[in-house]
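Asker: Residues per chain are reported as follows:
Number of protein chains: 2
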Amino acid sequence: MSTPPSLQNLINALKVLPGVGPKSAQRMAFHLVQRDPAGAVQLAQAIIDAQGRLQHCKLCNTFCETELCDICQDEQRHHGQLCVVEMPTDLWSIEATRAYEGLYFVLMGRLSPLDGIGVDDIALKPLLARALDGEVSEVILATNFTTEGEATAYYLSELLRARGLRVSRIARGLPVGGELEHADPATLAQALIERRHSE
Amino acid sequence: MSTPPSLQNLINALKVLPGVGPKSAQRMAFHLVQRDPAGAVQLAQAIIDAQGRLQHCKLCNTFCETELCDICQDEQRHHGQLCVVEMPTDLWSIEATRAYEGLYFVLMGRLSPLDGIGVDDIALKPLLARALDGEVSEVILATNFTTEGEATAYYLSELLRARGLRVSRIARGLPVGGELEHADPATLAQALIERRHSE
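Line order of the protein sequences matches chains E and X.
Quick note: to get the working numbering, add 14 to the position in the first sequence (first position is 1).
Quick note: to get the working numbering, add 14 to the position in the second sequence (first position is 1).
Looking at chain E on its own, in the form it has when it is part of the complex (with noise of 0.2 Å):
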């Protein structure tokens, strides 16, 4: 007795996905044919329509359906700023945040020599392009405070300033409305060492 051919395609190719091991695999593919046929051709149908449409922005390479993303095409942004983050949903978390009026860049991934992503397998080039476009007077390295995103922001830094940009990192610091009693000790000593002078 042997997995059905179809079946067992359908287990493999859920394998794909991040974090879905052979066993999760194998639920996955139960419920998409035994429980929810609905859903299973929906999520069919959206991978197609998402590798159809989809591209990338060509000023920002975050994902969009058009050429230009609504971010780059909105005349009211300062086109001076350009914000560095890693992956579109941390652009939508800085814009959720409505305290930032410049425009970004996305970097899709993180440098990661462990897990073999190197310089060339994310959009540096692209960044250096549009960061020296001439407009472009500051850059806000925004990538995450993990130790690939800091590698990141440090590898980043030196290419730019070395190109005559100002170029900033966001702050670290206890969160708003956070208690010293609760923070990581990390945290709070780089709370301290950062810590900003009354004007």
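One should not assume that every hint holds.
With a cut-off of at most 16 Å between alpha-carbon atoms, the simulated EDC-like pairs for lysine to aspartate or glutamate come out as follows [what the hints assert, rightly or not]: (1) E:K139 - E:E172; (2) X:K29 - E:D50; (3) E:K72 - E:D147; (4) X:K72 - X:D84; (5) E:K37 - X:D50; (6) E:K29 - X:D50; (7) X:K37 - E:D104; (8) X:K72 - X:D129; (9) X:K72 - X:D50; (10) X:K139 - X:E89; (11) E:K72 - E:D84; (12) E:K72 - E:D50.
Residues of chain E clear of chain X, computed beta-carbon distances all greater than 10 Å [what the hints assert, rightly or not]: (13) A58; (14) V133; (15) K139; (16) V150; (17) V190.
Derived from the structure by calculation, the hints contain no laboratory data.
Every value quoted in this text rests on a predicted model; they were computed, and no experiment measured them.
Beta carbons: idealized from backbone N, C-alpha and C, even for Gly.
Fit chain X to the supplied structure of chain E, relying on the hints for placement.
Answerer: Relative to the frame of chain E, chain X by itself:
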């Protein structure tokens, strides 16, 4: 700035998968679109394929691509024994032991009132019809030893015995090669209660 519609659709569609919440769905969608377009196409195709080809075996209810599965078609198997399992994976596990030569019945689920899975949601009626076909003399209940699996076994046992069938349940106890020191107390207690007397 909003998520492009086709990307949002893909994220929503991925959420039908069991164990996938909004964050994982987003991560999966990015992975499919950004890192593995070939895998994405294969996944869509595999879903459509599986939906088109897979059916349930007319006799044992497992997944197959033909009217009867390999096992039910096999004249060499003992047609008097029927082993009831929850899912096709369980059937495959038992087949891998090569210790069983009877036939199977796959419930495609278990009774689980808390999840809204009641008597009408698993293949109880087809099981009854199958077990009472006149050829089957013993039904072996091999549902899991979880709360739901045990409840399902109990319910089936009552149902089938009332109709004059011999019903058995696979044994609980220590695993082969298992040491008492490492067994959990519940399993060890059960192994004591269900001890086999020497003959």
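Asker: Kindly indicate which numbered hints from before are broken by the structure, ordering the numbers from low to high.
Answerer: 5, 8, 9, 10, 12 and 13
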